[in-house]
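Number of protein chains: 2
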Amino acid sequence: MVRDISAVDTMTENVESFRQLSPSEFFYRNKEIAGFSSPSRALYQTVREFVENSLDATEVHGILPNVVISISREDSSNPNYFTVSVEDNGIGIPSNIIPDAFGRILYSSKYKFRQTRGMYGLGAKMAILYGQITTGKPFEIYSSTSRSNKIFYYKLSVDIRKNEPIVFEEGAWEKKTSWHGTIAKVTIEGDWNKRTRDYISVYVKRTAIIAPYADITLIMPKFNGEQEGNGEEESEIVCYKRVTDKLPVPPKETKPHPLGIDLEMLKMSISESKNKTIKDFLMKNFQRIGEKKAEEILKIAGIDFDRNPKNLNDKEIEALYKSIKSVDFISPSPDPLSPIGEELIKIGLKQVLNPEFVDAITRKPKSYGGHPFIVEAGIAYGGKLSENLDEIARDSIKGQSGPFIALLRYANKIPLLYDEKADLIWSVVNPDDFNWKNTYKLDPSDIVVVLVHIASTKVPYKGVGKESIAQVEEIRKEVEAAVQELARRLRKYIVKKRKREEAEEKFRIFLKYIPEVA
Amino acid sequence: MVRDISAVDTMTENVESFRQLSPSEFFYRNKEIAGFSSPSRALYQTVREFVENSLDATEVHGILPNVVISISREDSSNPNYFTVSVEDNGIGIPSNIIPDAFGRILYSSKYKFRQTRGMYGLGAKMAILYGQITTGKPFEIYSSTSRSNKIFYYKLSVDIRKNEPIVFEEGAWEKKTSWHGTIAKVTIEGDWNKRTRDYISVYVKRTAIIAPYADITLIMPKFNGEQEGNGEEESEIVCYKRVTDKLPVPPKETKPHPLGIDLEMLKMSISESKNKTIKDFLMKNFQRIGEKKAEEILKIAGIDFDRNPKNLNDKEIEALYKSIKSVDFISPSPDPLSPIGEELIKIGLKQVLNPEFVDAITRKPKSYGGHPFIVEAGIAYGGKLSENLDEIARDSIKGQSGPFIALLRYANKIPLLYDEKADLIWSVVNPDDFNWKNTYKLDPSDIVVVLVHIASTKVPYKGVGKESIAQVEEIRKEVEAAVQELARRLRKYIVKKRKREEAEEKFRIFLKYIPEVA
Ligand SMILES: Nc1ncnc2c1ncn2[C@@H]1O[C@H](COP(=O)(O)OP(=O)(O)O)[C@@H](O)[C@H]1O
Ligand SMILES: Nc1ncnc2c1ncn2[C@@H]1O[C@H](COP(=O)(O)OP(=O)(O)O)[C@@H](O)[C@H]1O
Ligand SMILES: [Mg+2]
Ligand SMILES: [Mg+2]
Ligand SMILES: [Mg+2]
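Those protein sequence lines, which keep their order, are chains V and W.
Residue numbers for the first sequence follow my numbering, so the first one is 1 and each next one is one higher.
Residue numbers for the second sequence follow my numbering, so the first one is 1 and each next one is one higher.
It is worth saying that the hints were derived from the structure and are not from the lab.
One or more hints might be untrue.
A pair counts as met if it fits within one copy or between any two copies, since identical chains are not told apart.
Said to hold, decoys possible - Mimicking BS3-like on lysine-lysine, the simulated pairs with C-alpha atoms at most 25 Å apart in a straight line are:
| id | residue 1 | residue 2 |
| --- | --- | --- |
| 1 | K492 | K292 |
| 2 | K31 | K421 |
| 3 | K512 | K499 |
| 4 | K366 | K31 |
| 5 | K458 | K31 |
| 6 | K458 | K350 |
| 7 | K325 | K31 |
| 8 | K364 | K175 |
| 9 | K322 | K477 |
| 10 | K325 | K112 |
| 11 | K162 | K310 |
| 12 | K477 | K458 |
| 13 | K437 | K398 |
| 14 | K110 | K162 |
| 15 | K284 | K176 |
All figures in this text were calculated on a predicted structure; none of them were measured in a lab.
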């Protein structure tokens, strides 16, 4: 795998040696780009990655999620070692796959055309790597699928140079119950301070807001102002009980949309295709291409309908590609998406914030570059809202000049907490660019909570840490439209309320003068 | 390479299939995280990656850089196809290495402990991939090292599934001159609009500001307000002539600092070591470990000095690791760094901005997590400065409330243009957090140009697109100290100037009354 060649340049006396890094080594060297930039952040990111895997393993497959997250110090001689374990009642992982799923970076079941939280085949492995390089402790996993009559156990690490699993222990037990699911456990160097605690608990809270159908328990060391644990440590337990049994419709895997492919993808799928004719190839491998559309495309490209796809030369494939890009298609099917829905958003905001006014909107599916997406938004105002803001939201509004916007960002149901100012959504709703004051009649002292969720088969994150969303014009427009609509409704409410208050005031004055008039 | 295993779960009727993605396929699917998020941005990023390779191949090796960048439409039937070619007089690439260096993602000569612009083994390959998937055209390269008597030519693409080169053509010519260097050429889908033009030309301009020892020529289509070229296209040529022959001292590869290693690195280098004793191993493989220090470390770890490193067990290696982290070391050597220097920064700012006041500072080397770094800063004020701001700086100050800060960010001599608001440097110098007005006596209408350069063996970029720097406390402190010092000097200048003006004013008034007094 590893090549080492030296190139000597005698004149400049320069010797350059070259090397191929494995994907493990690449991410190991650059762990901060995946969110593992410090012990505190690594703890947060570890919780995230495991929780997101658990929700993908349940909700995406029609199972009401039960998730238990536990963070504890188990090693009294190393008070900065934290064991994170996450248990779920998901579909489990077949035992023959476990070592690769957790020991090979970029090994994943989530490379498909379907909305999932995971997308890079990276998350769990980054946490495992981080544990391995900071505490030296291997990863442990228990898992069982529902059709298996055993529970499997593995203890493993990642071989960084080779990008493959090193299995230290494996075992299996007869299953006495119908349990299926996974328990993933890793020990990493962390840093338990107020900020770590806040980020993790806000992450779980915001997850619960938009997943009222989930049962989530978070157990973590009580933070008492001290940095280090003192032997017998107290725990803090936070429970989010299931509020509804209604799951959002799970995402359905679909074929790619013709506008979402590039020349290389077309070449690859032609070279891997088993279709006898190119017309058949087009109809079978893409959504939104029926018989007529296939013929239209082939006519423009000047290719016979019954040509064998494998016999097309590069020029012809290029002509085909251009022809595909030149015709019109029905926009991508929203089947692979699983939005939250207006009802659940309103329930979540009401429960957590106890506001005076709340509303929500789920926009129609749109697409960018062949990827379908749906933007949803919620808005909350007044009442007990400002007392109920979480720590991150409170921190965020501190830097603003009013009216204050507390933004709850979500992408594929993941709450995004870091890098707010670099995010597409912030660039739309922030009070410098969105005219909350003049157009929407807010007072400078008002606080508004805005929730925005972007669901897509491909969320255009700026980085593999999945923390902020890049500027994509199509998405930006939808976010704008959603928030404008909600702001309009809020304005209507505020104007009505003010009128009512004015009328009441007038009436009061009127009452005052009645005796004199009378 | 590609595995496909299906895991069937009969109860939930869920079938999950798994797959290992190659690093090529990973970055191909997620090209936006490497800066290839749109045709316009891809054009900018392509220029960057090739220019940065050219500067690494010259300056890092003590060669005064000559770089010619040319962007042109060559295919009249595809006005959105752009050919980018970058030529340099660098060390060249040995012919046997060329296919891997440009056809394998993560293949690189820049994985060493030394300051270079490249760091991920990704840049050139991303541009090649992008060309391949948008225009289908392969990459072309001419290269010769100084000791070779031939010039080599290759035409190649990346096999995405396998992460290996596909060579379409190769050739070699006798060399008639002593030329050495590289010409890299790729054709990608781009978008030539004002924004693209501005970003590319500002990128080159800012590169020239801090590399007055380089000769850089940029040839690009003249932007005349139209999006598409019209057959015979005019070019715009910008030349930055070499102003000085003085190169900064090139970076020198060094051994890693003991504080920069983690447990896994220690295990790997022990397993790969050829040293007979562990004491020897420590002294030979790290900087800042002499005989005494090695013995101190081993005593704490309870390991005999003459143990064979290969015979240490995991527990012992962990003890060794902890011991290393517990002792004191001289901070990392700055040898692998190559700062710009105060003189060159001042020359650059003066030449380009023509300000009334300019100053610069190069701080002493510091380190974070074993990585040495140096922060440098420059400041410019008054004069013709505001007329000479480039497009990006002008855009950036638009959103601010005065005093206005135009920030020029650099990392390892790369100008950073995107994601300013997410950057560590901005979080220090922005007028909301840095008290330019009260502490440093600026007027609300003043514009100040601040240049900050971070040089390190590992710049903590937030992403592989190398556009913004993550919050690292040690670096933050240095940036703050550098800018505070320059702001103090500026204040002194301003206060003096105001006093002089006041004195002149008084004198004028005095003169006015003299006749009456007399
Ligand atoms: N709790 C879990 N239950 C079921 N499958 C899981 C679980 N955690 C991880 N997996 C499987 O392991 C794969 C790798 O996980 P991960 O490294 O986090 O990458 P990603 O989630 O991006 O695919 C997932 O694609 C999924 O198929
Ligand atoms: N113009 C050039 N001159 C000499 N060597 C080059 C040039 N461009 C690229 N290379 C070599 O090819 C390697 C791969 O380049 P690239 O893909 O940009 O990754 P990186 O610059 O991060 O290493 C570099 O490490 C360098 O050794
Ligand atoms: Mg995951
Ligand atoms: Mg990023
Ligand atoms: Mg490079």
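Results for each hint:
1. K492 <-> K292: Cα proximity of K492 and K292: none, with 48 Å in one copy and 77 Å across.
2. K31 <-> K421: Both: 22 Å inside a chain and 22 Å across chains, each within 25 Å.
3. K512 <-> K499: within (20 Å within a copy, 64 Å between copies)
4. K366 <-> K31: between (34 Å within a copy, 22 Å between copies)
5. K458 <-> K31: both (22 Å within a copy, 12 Å between copies)
6. K458 <-> K350: Intra 30 Å, inter 46 Å, cutoff 25 Å: neither.
7. K325 <-> K31: between (38 Å within a copy, 20 Å between copies)
8. K364 <-> K175: neither (45 Å within a copy, 63 Å between copies)
9. K322 <-> K477: neither (27 Å within a copy, 53 Å between copies)
10. K325 <-> K112: Intra 22 Å, inter 44 Å, cutoff 25 Å: intra-copy only.
11. K162 <-> K310: Only across copies: K162 and K310 sit 20 Å apart there, 35 Å inside one copy, limit 25 Å.
12. K477 <-> K458: within (17 Å within a copy, 38 Å between copies)
13. K437 <-> K398: both (18 Å within a copy, 20 Å between copies)
14. K110 <-> K162: both (22 Å within a copy, 20 Å between copies)
15. K284 <-> K176: neither (44 Å within a copy, 56 Å between copies)
Hint compliance for this structure: hints 1, 6, 8, 9 and 15 are not met, and every other hint is.
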